[in-house]
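Using the sequences and the accompanying hints, generate a full structural model.
Taken in order, these protein sequences are the chains called A and B. Quick note: the first sequence uses my numbering, first residue 1, plus one each step. Quick note: the second sequence uses my numbering, first residue 1, plus one each step.
The reader is advised that the hints may include incorrect statements.
Taking lysine-lysine pairs in the DSS-like style, the calculated list, with each CA pair at most 25 Å apart, reads [as the list claims (entries may be wrong)]:
no.	chain 1	residue 1	chain 2	residue 2
1	B	160	B	177
2	B	177	B	196
3	A	95	A	74
4	A	196	B	377
5	A	196	A	177
6	A	74	A	177
7	B	377	B	177
8	B	177	A	160
9	A	196	B	196
Hints were generated in silico from the structure; no laboratory data involved. As the structure is a prediction and not an experimental result, all values here were calculated from the model.
Number of protein chains: 2
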Amino acid sequence: MKLPPKRTTWISSTIAGGNRPAEADDPFEELDEQEDAPAAEASPSDLADDLAELLSDSQVSRLDEVLATHATDKWYASHPPDVVVFAESTDDVAKVLTYAYERGIPVTTRGAGVGYVGGCVPVEGGIALSLARMTRILELNPADGVAVVQPGVITGDLQKAARELGWDYPPDPASLKECSLGGNIATNAGGPRCLKYGVTRNYVLGLEVVLADGRIVSCGGRVHKNKTGFDLVGLFTGSEGMLGIVTTATLRLIPRPPCRAMLAAVFPEFAAAAGAVQGILNSGHLPSALEITDGFTLAAARNRLGADRLPDGNAHLIVEVDGRPRAVASEIEELEELLTTLGATRIDRADTEEACEAIWQLRREFSYSLRDTGLTKLNEDIVVPRSQLVELVAFARQLEQETGIAVACFGHAGDGNIHTNLMVADYHDPSTRATADAALDRLFSWVLDHGGAITGEHGVGLAKKPWIHQALGETGLDVHQALKDALDPDRILNPGKFLD
Amino acid sequence: MKLPPKRTTWISSTIAGGNRPAEADDPFEELDEQEDAPAAEASPSDLADDLAELLSDSQVSRLDEVLATHATDKWYASHPPDVVVFAESTDDVAKVLTYAYERGIPVTTRGAGVGYVGGCVPVEGGIALSLARMTRILELNPADGVAVVQPGVITGDLQKAARELGWDYPPDPASLKECSLGGNIATNAGGPRCLKYGVTRNYVLGLEVVLADGRIVSCGGRVHKNKTGFDLVGLFTGSEGMLGIVTTATLRLIPRPPCRAMLAAVFPEFAAAAGAVQGILNSGHLPSALEITDGFTLAAARNRLGADRLPDGNAHLIVEVDGRPRAVASEIEELEELLTTLGATRIDRADTEEACEAIWQLRREFSYSLRDTGLTKLNEDIVVPRSQLVELVAFARQLEQETGIAVACFGHAGDGNIHTNLMVADYHDPSTRATADAALDRLFSWVLDHGGAITGEHGVGLAKKPWIHQALGETGLDVHQALKDALDPDRILNPGKFLD
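Here it is, written out as structure tokens:
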């Protein structure tokens, strides 16, 4: 990389100065070491002026409320940037990065801000670069099977637009009505239908990326197969804003499966439902979704919804199949018979779109009913090998007994991606938090010891940073750092996360 | 990366000395510059002795016939290594790389040696590191939906073993009976069924990789979703032996679709067949394969097979669907009606395994019939946006008329991945070769101008090296070089390919 030399050293006022927010804690401790660094030549207000001149006044803000909304995501950590910039084009992003790179100013990119791990929290201050105004679907092209989008497009909007043409963009994170495609790409987002359709990465054909130094690189393209060089598209996808900033994405669309049908089955015990997951797959079925829910969650759901909608049983399994109408009709019948054989005590079947939506709504109610408990839900998107589902839930019960923290498990059983929710009273209370953190330590160690992953779809961000070393190992972390050093040698892109 | 310092400089005898083979040509010209470098401390026979001591006598060879078989792949370029090493374990690979890294000795890794682009030709001599003895399927685990394999396992052998358990490993390169999974991973191999099932990358969950300096890194794992850090699995997959050496792979298996059916349709003109491809996808079908063949290839096939097996018509389309038996039965019926509407003049339908195999055999005969012409087939695995299929074939006809070189097009229409074969008399004849190279130049320029890719499944190797700069662009190439420098700073892994 031929990168221009850095001209000045930037120290964020929010680090060097005194306006660190009260809730700043562990993730930021290490930043204190930097307070001895020489003061920056430019101040935050100079910075805002410079950026307003580079772009326009309406694209730059230092208003308190704007800084505050760009300080956090859906996780609890918070740290304000020095300035928020609203990019409206690739050129804007390139200008901001060229400027920031020359001065060593941190740039933390932000999409819709609905991440679950603090990934877009600008922990070192500097520039929060919002792509929320880059909301254009530039092209929807069934003949090529692609959509070309700006990163601020809301995932659900693309899905809707594609479906209106009889095509589909399959990735379906739970937050699809509010999350952006740029954020999905940054975290390689998943969702229930990954079992059959794969994660976001499987739908990214091409990316336009602005590098740390402001140069623009195109990788991949609009073709459905491409072996030209290394997989840069894959490297930038899921890189959580630490290697480059995606400004345009070419996404793969598939012909929309014209029909779907679902089953919602209750089982007496979790082990029977997990066994049914294996039984379904072993019988040669590849459903579009296989969602499992444990007894704790079901109990909470019964409180919210009434026992008639969820009769007795310690586990719930949702099966969705999609495809041609006649194919779906025959497969759902086969699956209903199979589930009965496999021990389901009640099966609700959905043959229409409305009935399917009602089952997915029930699934969403499970989440809401956990919220009804009044506890804070620490939602850990861990993944285990599919054979370990029963062991995971048994471990969750054990953890619950030993720590007094309730643990609710539900999620994408086909992938082994079970959202394991530690339900704590008040995570800001130091004593509760110490107990919860110790429980998380045990959970992640157990997951890693059992061949699992500490994050399946949310990313590392700040939330999983304490466990990344254990997860990647020494050499794995070295390789990550080498890649980071290669593409962002002055660490201006989303600094303070899991790499130096 | 904390890499140990390099102790000596290695210059291959095949570069510094006089035993360059007669067929060495363009790809090696630049190597002449290195002849002035200081002589190495170690000689090739010292090298062999050292390696035999590190591993064992039976794992190291300098026999002429062994060097010769490790000098080339299915492409025409050839250059012998100084020594061939047969690794039998990860530990062997780590020992060889640690040794080579300290001395700056080139290491070119080799699987089954059936690549089409000279990717495993050791153009700078040194060590040819064969993984052909690492042939163990370490685990087949339907409960986790994974297979764990050594890199020398033949792709077809894994497929067969998985199918015997009712599971499947979908990637199906044409060479699957002789190619190895390590080679598939190195080139991110494709095949006809990628339209529905995706390329090799989509099935690689975890890799054990030996880095240039001999350290071993594990990335990914046996879980089906994993967002722990950057996508190292994706970066190593398709990296053509230039970033690390894969010693174990954990691959995703899917429940085997219990049934398939096929249609083989003849169309009067190529445009009608390409239109049918769009019509099928636009009707919400996602076949497991959509293979198209042009008039030139069909004419050659008629010569080989007789006109009765292939009646008049300038295009041929194969459609395969798979899934549950009743689903397949109803979908193939729908597709047959659709193809009639879309202008097919003859449709052969295959409802049984045997009949399907007969259609695939016919498809293979198309390749053989090109061979029957006695011409050398320059098989270019280019990809175009799906909407450009007709334009590609029209361009091929134009190229044919203007250069006198026949061009045969057939391949994976659903992906736009059309094998475009320039049929030349004798590629070793300088004049013919100059004409052919000029035609390839025009072909690749046309492909890139039309949003396509110069390789869809074979990789870059030596064959596509002349066009890689044009394909990746200046910044794209810079990023590749930065990644290479990060992971293999002394360029010992497969040197002489498209990166310095």
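Each hint tested on the structure:
The straight-line distance between the Cα atoms of residue 160 of chain B and residue 177 of chain B is roughly 10 Å, inside the 25 Å bound, and the hint therefore holds. Restraint check for residue 177 of chain B and residue 196 of chain B: the C-alpha separation of about 21 Å stays at or below 25 Å, so the hint holds. Proximity of residue 95 of chain A to residue 74 of chain A is assessed by CA-CA distance (about 29 Å); at most 25 Å being required, the pair is judged violated. With a CA separation close to 38 Å, the supplied pair residue 196 of chain A and residue 377 of chain B exceeds the 25 Å bound.
Under the criterion of a C-alpha separation no larger than 25 Å, the hint pairing residue 196 of chain A with residue 177 of chain A is consistent with the structure, at around 21 Å. The straight-line distance between the Cα atoms of residue 74 of chain A and residue 177 of chain A is roughly 15 Å, inside the 25 Å bound, and the hint therefore holds. A distance of roughly 21 Å separates the Cα atoms of residue 377 of chain B and residue 177 of chain B; the hinted pair therefore holds under the 25 Å criterion. Straight-line distance between C-alpha atoms of residue 177 of chain B and residue 160 of chain A comes to about 43 Å, which puts the hinted pair past the 25 Å bound.
Pair hint residue 196 of chain A plus residue 196 of chain B holds up; C-alpha atoms about 11 Å apart against a cutoff of 25 Å.
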